[in-house]
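K.L.:
The listed protein sequences derive, respectively, from chains A and B.
Heads up: the first sequence begins at 1 in this note's numbering, then just goes up one per residue.
Heads up: the second sequence begins at 1 in this note's numbering, then just goes up one per residue.
For the record, the hints were derived by calculation from the structure and aren't laboratory data.
Be aware that a few hints might be false.
Unchecked claim - Cβ pair distances, simulated, as ranges: (1) A/Phe257 to B/Gly29: 56 to 62 angstroms; (2) A/Val15 to B/Lys56: 57 to 63 angstroms; (3) A/Lys173 to B/Ser211: 33 to 39 angstroms; (4) A/Phe257 to B/Ala69: 42 to 48 angstroms; (5) A/Leu246 to B/Ala129: 40 to 46 angstroms; (6) B/His192 to A/Phe257: 44 to 50 angstroms; (7) B/Ser23 to A/Lys173: 41 to 47 angstroms; (8) B/Arg68 to A/Ile269: 45 to 51 angstroms; (9) A/Ile232 to B/Asp70: 53 to 59 angstroms.
Stated by the list, open to error - Here are the simulated DSS-like cross-link-like pairs (lysine-lysine), alpha carbons at most 25 angstroms apart as the crow flies: (10) A/Lys217 to A/Lys271; (11) B/Lys183 to B/Lys108; (12) A/Lys217 to B/Lys183; (13) B/Lys99 to A/Lys168; (14) B/Lys78 to A/Lys173; (15) A/Lys38 to B/Lys82.
To be verified - According to the in silico footprint, chain A covers these stretches of chain B (three or more CB under 8 angstroms from chain A): (16) 92–104; (17) 211–224.
Idealized CB from N, CA, C, for every residue including glycine.
These are the residues of each chain, in order.
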Amino acid sequence: MFDTLKLLFSYDFIVRAMVAGGLVALCCALLGVSLVLKRFSMIGDGLSHVGFGALSVAAVMNVAPLAIAIPVVIVAAFFILKLGKDSRVQSDSAIALVSSVSIAIGVTVTSLNGGLNTDVYSYMFGSILAMSKTDVYISVALSVAVLILFLFFYHKIFAITFDSDFAKATGVKADLYNMLIAILTALTIVVGMRIMGTMLISSLIIFPTLSATSVVKGFRKVVILSGIVSVICFFVGLYNSYSFNLPVGASIVLANFVVFCILMLVGKISKL
Amino acid sequence: MAQLRCENLSVGYEDGIVVSDISFELNKGDYVCIVGENGAGKSSLLKGILGLAQIKTGRIEYGDGIGRADIGYLPQQKDYQKNFPATVIEVVMSGFLNKMGFRPYYNKSEKEKALEILADFGMAAYVKASFASLSGGQKQRVLLARALCATDKLLLLDEPATGLDPVATEELYELLKRLNREKKTTILMVSHDMNKAVSDAGIILHVNKGSGCGYFGPSSEYLDSDAARHFLGLDYKEKNLQEKGAKEDPETVKEKLNERVKKGERYV
Numbered sequence: 001m002f003d004t005l006k007l008l009f010s011y012d013f014i015v016r017a018m019v020a021g022g023l024v025a026l027c028c029a030l031l032g033v034s035l036v037l038k039r040f041s042m043i044g045d046g047l048s049h050v051g052f053g054a055l056s057v058a059a060v061m062n063v064a065p066l067a068i069a070i071p072v073v074i075v076a077a078f079f080i081l082k083l084g085k086d087s088r089v090q091s092d093s094a095i096a097l098v099s100s101v102s103i104a105i106g107v108t109v110t111s112l113n114g115g116l117n118t119d120v121y122s123y124m125f126g127s128i129l130a131m132s133k134t135d136v137y138i139s140v141a142l143s144v145a146v147l148i149l150f151l152f153f154y155h156k157i158f159a160i161t162f163d164s165d166f167a168k169a170t171g172v173k174a175d176l177y178n179m180l181i182a183i184l185t186a187l188t189i190v191v192g193m194r195i196m197g198t199m200l201i202s203s204l205i206i207f208p209t210l211s212a213t214s215v216v217k218g219f220r221k222v223v224i225l226s227g228i229v230s231v232i233c234f235f236v237g238l239y240n241s242y243s244f245n246l247p248v249g250a251s252i253v254l255a256n257f258v259v260f261c262i263l264m265l266v267g268k269i270s271k272l
Numbered sequence: 001m002a003q004l005r006c007e008n009l010s011v012g013y014e015d016g017i018v019v020s021d022i023s024f025e026l027n028k029g030d031y032v033c034i035v036g037e038n039g040a041g042k043s044s045l046l047k048g049i050l051g052l053a054q055i056k057t058g059r060i061e062y063g064d065g066i067g068r069a070d071i072g073y074l075p076q077q078k079d080y081q082k083n084f085p086a087t088v089i090e091v092v093m094s095g096f097l098n099k100m101g102f103r104p105y106y107n108k109s110e111k112e113k114a115l116e117i118l119a120d121f122g123m124a125a126y127v128k129a130s131f132a133s134l135s136g137g138q139k140q141r142v143l144l145a146r147a148l149c150a151t152d153k154l155l156l157l158d159e160p161a162t163g164l165d166p167v168a169t170e171e172l173y174e175l176l177k178r179l180n181r182e183k184k185t186t187i188l189m190v191s192h193d194m195n196k197a198v199s200d201a202g203i204i205l206h207v208n209k210g211s212g213c214g215y216f217g218p219s220s221e222y223l224d225s226d227a228a229r230h231f232l233g234l235d236y237k238e239k240n241l242q243e244k245g246a247k248e249d250p251e252t253v254k255e256k257l258n259e260r261v262k263k264g265e266r267y268v
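Produce the complete structure using the sequences and hints provided.
P.N.:
What follows is the structure, given as structure tokens:
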């Protein structure tokens, strides 16, 4: 095992995947706690589909993928939050609409340009080779922002997540924080989806929170445990992917699933 | 000087006005109950005062040492809170948010105050318990404690007894009565409990759908008002009783009906 680890660290692209991916996993878990508990977990799924559309368009236009994907996904995050508030369209239908339209745009643009290529395939299911130096820088900046948010505004995030009406009534700018969380989620997803894949990134947001809530009951403990679970699962998945030659996104999701099952069992047994 | 004065207040959301032309004032130690039909805009009125809904016209004035941040709020319960991973103390402490400014964490005296309030409410044993595991009545006491962390001067409550069993309902109302008497906490509450509105609250604010205040004044005279007689169907009942050949004169019939409302019959 140590030999494998040593070998792992000798590849530049794997070190980049580890740094950027590990930080993305941490951000996803922390942001996910607030999103999942507010019943907004599908926002991750929606944004990753938008990201797919944007990346496909960028690939066809031959421009830097992030330069297009980041602004588009942030606009989509605004749009989904706004649609969700409007009672005429429910937020789950809003997300489903935005998702399928984005995939449709991505696929159409790709097929006009000669059909699925490896780039587009890797956007769908992720690739360990995807992380560039820029991604590493962005993910470091992103995780610093997310950590600042959770360290210095922790109680406000709790109040908004638990009861946004009460938080607003006591003068917390709940809409501003919700928007901030949505933007950070959008950025995290754009960086993370290229290693995890469009179809799989949303599990990084949902699984850690579900795993943590099945064994601990306080909000702070859930936040801390979900961060730990997510990072560990990321590295276990990455290691398995390398040693057994598995697709990286899928093996990270499966690691999360196994941990979730174990913690569910532990939670059930400890209640007996 | 009034703690809170609303003048010709109209409140609504993006797509229109829900409740209009409401004027009333709250003085220290008042216990005011907001009653009215479903959809009359009782909750929206509270939300307008709290800044959760838009004030379309009219104005709100604060006085007597009360500011925008000195309002405690107990919202209607939400479904998603049922399985929320939070401990009782985490929920209660979030009431201090309005006093924190840019300070990221709570201080020791705030924690002590939270524990004190919980002990006063008979919840000392549940400080580290999961909020989701509590009974409905306990949850409401925790949320009331959270509101009191924000302030014990003025409380706004939105149908606090919804979904509670009769014992828990009674306990909650006793608690409110005690706060009102002992700490002179001003209470503004939306309620469906006609009997409690009339017996506990000193003042009734009747909100009519679309047409402003139907009644604002002492609860002892509320049952004789037109708003109440219409709302509770008393006119209709009286007529019915008389047509059935009741021998009593109209005044006695009226008194009897009023008695029954006070005893707690919602539909006489």
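K.L.:
Among the hints numbered above, which are violated by the structure, and what are their numbers in rising order?
P.N.:
7, 9, 12 and 17
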